[in-house]
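In this text, residue positions in the sequence shown follow this note's numbering: the first is 29, and each later residue adds one.
I should point out that these hints are in silico values taken from the structure, not numbers from a laboratory. For every residue, glycine included, the Cβ atom is placed at its ideal position computed from N, Cα and C. Where hints are given, some of them may not hold.
List time: in silico EDC-like cross-link candidates among lysine to aspartate or glutamate, alpha-carbon distance up to 20 Å [to be verified]: (1) Lys304 with Asp286; (2) Lys316 with Asp286; (3) Lys156 with Glu208; (4) Lys304 with Glu321; (5) Lys304 with Asp114; (6) Lys316 with Asp88; (7) Lys304 with Glu54; (8) Lys186 with Glu149; (9) Lys304 with Glu118; (10) Lys304 with Asp53; (11) Lys156 with Glu190; (12) Lys186 with Glu208; (13) Lys156 with Asp88; (14) Lys316 with Asp290; (15) Lys304 with Glu149; (16) Lys316 with Asp336; (17) Lys316 with Asp95; (18) Lys316 with Glu48; (19) Lys316 with Asp49; (20) Lys304 with Glu331; (21) Lys304 with Asp160; (22) Lys304 with Asp336; (23) Lys304 with Asp265.
So the derived label-pair ranges between C-beta atoms look like this [stated by the list, open to error]: (24) Pro205 with Ser51: 38 to 48 Å; (25) Ser51 with Asp265: 28 to 38 Å; (26) Lys316 with Ala218: 47 to 57 Å; (27) Ala218 with Pro313: 36 to 46 Å; (28) Pro192 with Glu54: 31 to 41 Å; (29) Arg275 with Arg307: 34 to 44 Å.
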Amino acid sequence: MPPAFIPHGVIPAVLLPFREDLSIDEPSFRSHLRDVAATAGLAAITINAHSTEVASCTFDEQQRVLDIAQEEIGARLPIVNGIWADGSLEAARIARMATAGGASALLVFPPAPFTLQQSPEMAVTHFKRIADATDLPLIVFQYPLATCQGYPRDTLLKMCAEVPTIRAIKDWSGNVPQHEMHIRTLQNLARPVNVLTTHSAWLLSSLVLGCNGLLSGSGSVIADLQVQLFRAVQGNDLATARRLNNRIYPTALVFYADPFVDMHNRMKEALVLVGKLPRAVVRPPLVKLARAEIQRIRAALIEAGLLDAKAGRDAA
Numbered sequence: 029m030p031p032a033f034i035p036h037g038v039i040p041a042v043l044l045p046f047r048e049d050l051s052i053d054e055p056s057f058r059s060h061l062r063d064v065a066a067t068a069g070l071a072a073i074t075i076n077a078h079s080t081e082v083a084s085c086t087f088d089e090q091q092r093v094l095d096i097a098q099e100e101i102g103a104r105l106p107i108v109n110g111i112w113a114d115g116s117l118e119a120a121r122i123a124r125m126a127t128a129g130g131a132s133a134l135l136v137f138p139p140a141p142f143t144l145q146q147s148p149e150m151a152v153t154h155f156k157r158i159a160d161a162t163d164l165p166l167i168v169f170q171y172p173l174a175t176c177q178g179y180p181r182d183t184l185l186k187m188c189a190e191v192p193t194i195r196a197i198k199d200w201s202g203n204v205p206q207h208e209m210h211i212r213t214l215q216n217l218a219r220p221v222n223v224l225t226t227h228s229a230w231l232l233s234s235l236v237l238g239c240n241g242l243l244s245g246s247g248s249v250i251a252d253l254q255v256q257l258f259r260a261v262q263g264n265d266l267a268t269a270r271r272l273n274n275r276i277y278p279t280a281l282v283f284y285a286d287p288f289v290d291m292h293n294r295m296k297e298a299l300v301l302v303g304k305l306p307r308a309v310v311r312p313p314l315v316k317l318a319r320a321e322i323q324r325i326r327a328a329l330i331e332a333g334l335l336d337a338k339a340g341r342d343a344a
């Protein structure tokens, strides 16, 4: 893929299937990658992120995930590789690995020490370490400020000014005025920084504010609906956008219920229900969902038109 890729548009974050022994189920992962990548209108695919349970994957497993993604879809779509690390040195190591492995952009998670607060200098230093290790475009994962891992406005502007390879943010600020400020400010910089929403629980509301894209784990299940919604909003077709949002809404309700950490666990169960994954195994500390919750996911898929009601009854 060309190194000039600028993160934009619809970018699903795929899931990572496991076998019962908790090893990576490579055949199922390959099938899942091909299935999601076959969706017309995607800008890229994201791996080694929350959706692929990156916190439970070793460095070698992350490298293998990237290798498989390159083999299956790398000739067709840019690949965004997540950078999940507690410290800047390990983040730079992962960045070098992902660059050598053919990634087209890097999604940078905040380092764990920032849960104890941060300074602007710390944030800039972290990103400079990564930028020194790679020339790939960087996507800043913007967490809610209440977590202490989100970057305040002035810090974010300092990062964008001092690290030229920052080209987008994955906006999970969770705050509508802050989200709108990001869109109005970052996308209008002299060197624009695209805002990719990950507010999938209120996707239509977020997109109409003017995001230049979306990066979401729910794209592992509803990539086609996300592409259609994004296009409708971009085309100012509110009637179509509302109709599509009515289909997406029941899935958002079940995927992003409490506990929030189970969102991708639920997406795996959804893909099992529609016949696209053989099993919904997750690595601890995540655990198998209760039968009642799986039934709620089944009902949401039927309401969204993603699962036939009769098929849903037969599988119950």
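Out of the numbered hints, which ones does the structure contradict?
-> Going through the list in order, the structure violates hints 1, 3, 5, 6, 9, 13, 15, 16, 17, 21, 23, 25 and 29 and respects the others.
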